[in-house]
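Student: Spelled out from the first residue to the last, the chains are:
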Amino acid sequence: MRNLWTFISRYNAFFLFIIFFVIGIYLTIKNNAYPRSVTLNSSNEVVGNAYEQLNVLKRYLNLGMVNDSLAAENAKLKSQLLALTTIDSAKDVKVNDTLTNQQYTYLAAKVVKNSITLRNNVMTINKGSVDGIETGMAVISPQKGVVGFIRDVSLHLATIQSLLHKDTKISVTIKKSNALGSLVWGDNNFDIRKAFIKEVPNHIKMNVGDTIVTSGFGKFPAGVPVGRLSKTGVATNDNFLSGELSLFNDFGTLQYVYVIKNKLAKEQEILENPVTPK
Amino acid sequence: MNSRLIIVNLIRWFILLFVQIFLLKNMGFYDLSTPFIYVLFILLLPFGIPNILLYALAFATGLTLDAFYDTMGVHATACTVMAFVRISFISISLNRDAIDDPEPSLSYMGFQWFALYAFLCVVSHHLVLFFLETFKLTEINYTLMRCGLSCIFTLLIILLVEFIFYKRTSR
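Just so you know, the protein sequences line up as chains A and B, in that order. For the record, in the first sequence the residue sitting at position 206 is 206 according to the numbering used here, with numbers rising by one throughout. So the mapping is simple: the numbering used here equals the position in the second sequence, first residue as 1, plus 1000.
Check before you lean on any hint, since a few could be wrong.
Said to hold, decoys possible - Here are the simulated lysine-lysine pairs, DSSO-like style, with alpha carbons at most 27 Å apart:
{"no.": "1", "chain 1": "B", "residue 1": "1025", "chain 2": "A", "residue 2": "30"}
{"no.": "2", "chain 1": "A", "residue 1": "194", "chain 2": "A", "residue 2": "110"}
{"no.": "3", "chain 1": "A", "residue 1": "30", "chain 2": "B", "residue 2": "1136"}
{"no.": "4", "chain 1": "A", "residue 1": "261", "chain 2": "A", "residue 2": "175"}
{"no.": "5", "chain 1": "A", "residue 1": "30", "chain 2": "A", "residue 2": "58"}
{"no.": "6", "chain 1": "A", "residue 1": "219", "chain 2": "A", "residue 2": "144"}
Said to hold, decoys possible - Beyond 10 Å from chain A on every Cβ pair, some chain B residues (computed):
{"no.": "7", "residue": "1006"}
{"no.": "8", "residue": "1015"}
{"no.": "9", "residue": "1028"}
{"no.": "10", "residue": "1047"}
{"no.": "11", "residue": "1074"}
{"no.": "12", "residue": "1105"}
{"no.": "13", "residue": "1107"}
{"no.": "14", "residue": "1108"}
{"no.": "15", "residue": "1110"}
{"no.": "16", "residue": "1111"}
{"no.": "17", "residue": "1115"}
{"no.": "18", "residue": "1120"}
{"no.": "19", "residue": "1136"}
{"no.": "20", "residue": "1162"}
{"no.": "21", "residue": "1164"}
Claimed, not checked - Far from chain A by the CB rule (all over 12 Å, computed), these chain B residues:
{"no.": "22", "residue": "1013"}
{"no.": "23", "residue": "1025"}
{"no.": "24", "residue": "1037"}
{"no.": "25", "residue": "1070"}
{"no.": "26", "residue": "1123"}
{"no.": "27", "residue": "1149"}
No lab work stands behind these hints: they were computed from the structure. Glycine included, every Cβ here is placed at the ideal spot set by N, Cα and C.
All chains should be modelled from the sequences, with the hints used to inform the complete structure.
Tutor: In structure tokens, the structure reads:
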């Protein structure tokens, strides 16, 4: 103890230096923002670095497991991709008809079977009740012209009673005069490019070249172009005029059609055919 | 004699700190060279001073400077280092028993010894000071340049002051 004391007192300059130096450094670090932040940060950095090295090691050890999970995920994604590329991604397209304040929804569908050579032609599309298709919906072609009505609906498919059918009658107007008529096909002329407009009032003057559009009174929205008058004044045995028109759309090359969902169809039907008590 | 030494050192302390704080604090060449003349007080403390008193005085002087420079602890640490260098240099270069001069000034010790003494003390002080001030090693070139230029400036002024108050009587 005595020796220690003599040792300390002999080298008191050094020990005093250590004491004062430590106090000085402590004051510096404690009271100056930058040295304090540096000291704290560098100690944090040391700790952080150690953890990072540990992480690298851990990652390396986990490599096998990660590899397996990646392979599994890859397989899953591949199967999903396969499902996506084969699915029909056609979606509902909404058109807001501000003129008549009705909302129509257009649903694209692919024609999977078509016939044009029979007296009553029916085609099949690849959308069914799952896609919200119901009997009686109107069908138009993407470019121009009407196609027909939905007849039968199965889960994923539907048949269309096309214009080229003896029961199909569509309400049309002559665009210029707004005169109503009905569009039919196959009145002694089974040309798929021709159709007939009938039941036009007698006083209406029809000209060759007049455009015929849908009237909007039936299932079709108003103003869908149908065809152009090619022959007027075909004689009929009643008090109405009739004319021959060339259709805009070509039933022979039809590949895609739009099914028109009318939001107000049901409401209109109920309104116009009120249930009468029996 | 003893009281005279105390009074002289006290006056020296006031004058040096006054000059340092109110004049030299506002001086500097492009922030590269700033003189710290107040270290002369620690340099010129008498030989017979006890180590603990020397450290305490150096530390207190440093703290006073810190208060004005707003760098708490930096000057105090630098002065502590300088005191250690001073004690070491004196104990190495001089025979403790043969010292009969009152203080290590230029007039008593001669130019050569004093110049080396001042150089070592000032360099150690400035090194600690500037490195504690920047507190990082990334700007080491800039810090060393500031340190070197400030050392030259400080030494120049210290020698100038010493020559001004040179007493021919002693040697």
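Student: The structure should be examined with respect to each hint, and the outcome stated for every one.
Tutor: Hint check results:
Straight-line distance between C-alpha atoms of residue 1025 of chain B and residue 30 of chain A comes to about 24 Å, which keeps the hinted pair within the 27 Å bound. Taken as a hint, the residue 194 of chain A and residue 110 of chain A pair is honoured in the structure, with Cα atoms around 24 Å apart against an allowance of 27 Å. With a C-alpha separation of about 16 Å, the suggested pair residue 30 of chain A and residue 1136 of chain B falls inside the 27 Å cut-off, and the hint holds. For the proposed pair residue 261 of chain A and residue 175 of chain A, the alpha carbon gap of about 24 Å is at most 27 Å, so the pair holds.
Distance restraint check for residue 30 of chain A and residue 58 of chain A: the Cα-Cα separation of roughly 37 Å exceeds the 27 Å cut-off, and the hinted pair is therefore not satisfied. With a C-alpha separation of about 17 Å, the suggested pairing of residue 219 of chain A with residue 144 of chain A holds against the 27 Å cut-off. Every CB of chain A is more than 10 Å from the CB of residue 1006 of chain B (nearest about 21 Å), matching its label as outside the interface. Residue-level check passed: residue 1015 of chain B sits 25 Å from the nearest beta carbon of chain A, beyond 10 Å.
Here residue 1028 of chain B stays apart from chain A, with its beta-carbon at least about 20 Å from theirs, past the 10 Å limit. At roughly 14 Å, the least C-beta separation between residue 1047 of chain B and chain A is larger than 10 Å, which holds for a residue marked as non-interface. A Cβ of chain A approaches the Cβ of residue 1074 of chain B within 10 Å, the least distance being about 5 Å, so the stated non-interface status is violated. Once the 10 Å rule is applied to beta carbons, residue 1105 of chain B is consistent with being away from chain A; the minimum gap is 21 Å.
Taking the minimum C-beta to C-beta distance to chain A, about 26 Å, the non-interface status of residue 1107 of chain B holds against the 10 Å cut. Consistency note on residue 1108 of chain B: stated as away from chain A, and its beta-carbon is indeed over 10 Å from all of that chain's, at 22 Å minimum. No beta-carbon of chain A comes within 10 Å of the beta-carbon of residue 1110 of chain B; the shortest separation is about 24 Å. Taking the minimum C-beta to C-beta distance to chain A, about 26 Å, the non-interface status of residue 1111 of chain B holds against the 10 Å cut.
Remark: the non-interface label on residue 1115 of chain B is consistent with the geometry, its nearest Cβ contact in chain A lying 23 Å away (cut-off 10 Å). Taking the minimum C-beta to C-beta distance to chain A, about 15 Å, the non-interface status of residue 1120 of chain B holds against the 10 Å cut. Distance check for residue 1136 of chain B against chain A: the nearest CB is about 6 Å away, which does not clear 10 Å, and the non-interface claim fails. Under the 10 Å C-beta cut-off, the non-interface status given to residue 1162 of chain B relative to chain A holds; the minimum distance is some 25 Å.
With a least CB separation of 31 Å from chain A, residue 1164 of chain B remains clear of the 10 Å interface cut-off, as annotated. With a least CB separation of 18 Å from chain A, residue 1013 of chain B remains clear of the 12 Å interface cut-off, as annotated. Listed as a non-interface residue, residue 1025 of chain B keeps its Cβ farther than 12 Å from every Cβ of chain A; the least gap is roughly 18 Å. A cut-off of 12 Å between C-beta atoms confirms that residue 1037 of chain B is not in contact with chain A; the least separation is 20 Å.
Here residue 1070 of chain B does not stay apart from chain A, with its beta-carbon only about 9 Å from theirs, under the 12 Å limit. Consistency note on residue 1123 of chain B: stated as away from chain A, and its beta-carbon is indeed over 12 Å from all of that chain's, at 17 Å minimum. Every C-beta of chain A lies more than 12 Å from that of residue 1149 of chain B, the closest at about 22 Å, which supports listing it as non-interface.
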